[in-house]
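Visitor: Residue numbers for the sequence shown follow the numbering used here, beginning at 40 and rising by one.
I should point out that these hints are in silico values taken from the structure, not numbers from a laboratory. A portion of the hints provided could be inaccurate.
[Unchecked claim] Below are the SDA-like pairs computed for lysine to any residue, each with C-alpha atoms no more than 25 Å apart in a straight line: (1) K98 <-> D155; (2) K156 <-> Q99; (3) K156 <-> W54; (4) K156 <-> R46; (5) K98 <-> E48; (6) K156 <-> G102; (7) K156 <-> G81; (8) K98 <-> A61; (9) K156 <-> G128; (10) K98 <-> L69; (11) K156 <-> V138; (12) K156 <-> I132; (13) K98 <-> A159; (14) K98 <-> V157; (15) K156 <-> V134; (16) K98 <-> I66; (17) K156 <-> F92; (18) K98 <-> W54; (19) K156 <-> L103; (20) K98 <-> R149; (21) K156 <-> A95; (22) K98 <-> P126; (23) K98 <-> E127; (24) K156 <-> Q97; (25) K156 <-> E127; (26) K98 <-> V75; (27) K156 <-> Q44; (28) K156 <-> T121; (29) K98 <-> A131; (30) K98 <-> R62; (31) K98 <-> E84; (32) K156 <-> D78; (33) K98 <-> G85; (34) K156 <-> D112.
Since the structure is predicted, the reported quantities are computational estimates derived from the model, not experimental observations.
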Amino acid sequence: MSDVQQRVERYLAIWNETDPAARRAAIDELWTEDAVYVDPLGVAEGRDAIDVFVGAAQKQFPGLVFRAAGTVDAHHDVARFTWELGPEGGEAIVVGFDVAVFAEDGRFDRVHGFLDKVPA
Numbered sequence: 040m041s042d043v044q045q046r047v048e049r050y051l052a053i054w055n056e057t058d059p060a061a062r063r064a065a066i067d068e069l070w071t072e073d074a075v076y077v078d079p080l081g082v083a084e085g086r087d088a089i090d091v092f093v094g095a096a097q098k099q100f101p102g103l104v105f106r107a108a109g110t111v112d113a114h115h116d117v118a119r120f121t122w123e124l125g126p127e128g129g130e131a132i133v134v135g136f137d138v139a140v141f142a143e144d145g146r147f148d149r150v151h152g153f154l155d156k157v158p159a
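Generate coordinates for the entire structure from the input sequences, incorporating the hints supplied.
Guide: This is the structure we're talking about:
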């Protein structure tokens, strides 16, 4: 498994981490201090805002899990990957893809999210 694939899997694990302290520790480790997350539902600037954004997604979709859907496509300091959100072992109700830009140290600096499938 590539280093980028592992980083993306750890990134997705943050979205599933329901323990606030563990989630925040993972965010602090994987994201730069001034990181930005942007998707059609909002913008989160900085680790504090990213933590709040992830927590809000968990409240909106309780019991559902994020998982990778395919392999990561990466070059230089950029990666794109598809993800799904659904019940464990069940059909995805949301599908999207993210484009991540990494800092020189390999941490996430910018993530641009797109939604391909959303509930009606």
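Visitor: Next step is simple, just say for each hint if it's right about the structure.
Guide: Cross-check of the supplied hints:
1. K98 <-> D155: Judged against 25 Å, a Cα distance of about 21 Å means the pair holds.
2. K156 <-> Q99: Roughly 16 Å separates the two Cα atoms, so the pair holds.
3. K156 <-> W54: Judged against 25 Å, a Cα distance of about 18 Å means the pair holds.
4. K156 <-> R46: Holds: K156 and R46 sit about 24 Å apart, inside 25 Å.
5. K98 <-> E48: 21 Å, holds
6. K156 <-> G102: 19 Å, holds
7. K156 <-> G81: Judged against 25 Å, a Cα distance of about 17 Å means the pair holds.
8. K98 <-> A61: Judged against 25 Å, a Cα distance of about 17 Å means the pair holds.
9. K156 <-> G128: 18 Å, holds
10. K98 <-> L69: Answer holds: K98 to L69 is near 22 Å, not above 25 Å.
11. K156 <-> V138: 17 Å, holds
12. K156 <-> I132: The hint holds at about 7 Å.
13. K98 <-> A159: 18 Å, holds
14. K98 <-> V157: Answer holds: K98 to V157 is near 16 Å, not above 25 Å.
15. K156 <-> V134: 5 Å, holds
16. K98 <-> I66: 18 Å, holds
17. K156 <-> F92: 20 Å, holds
18. K98 <-> W54: With Cα atoms ~11 Å apart, K98 and W54 stay inside 25 Å; holds.
19. K156 <-> L103: 15 Å, holds
20. K98 <-> R149: 23 Å, holds
21. K156 <-> A95: Holds - the C-alpha atoms of A95 and K156 are around 19 Å apart, at most 25 Å.
22. K98 <-> P126: Status holds; Cα separation ~14 Å.
23. K98 <-> E127: OK: K98 and E127 at ~16 Å, within 25 Å.
24. K156 <-> Q97: At roughly 18 Å apart (the allowed maximum being 25 Å), Q97 and K156 satisfy the hint.
25. K156 <-> E127: With a Cα-Cα distance of about 18 Å, the restraint between K156 and E127 holds, given a limit of 25 Å.
26. K98 <-> V75: 21 Å, holds
27. K156 <-> Q44: 23 Å, holds
28. K156 <-> T121: 11 Å, holds
29. K98 <-> A131: Cα-Cα ~17 Å, so holds.
30. K98 <-> R62: Cα-Cα ~14 Å, so holds.
31. K98 <-> E84: Holds, because 20 Å separates the two Cα atoms, which is no more than 25 Å.
32. K156 <-> D78: 13 Å, holds
33. K98 <-> G85: Distance ~20 Å between K98 and G85 Cα, so the pair holds.
34. K156 <-> D112: 20 Å, holds
Every hint from the earlier list agrees with this structure, and none is contradicted.
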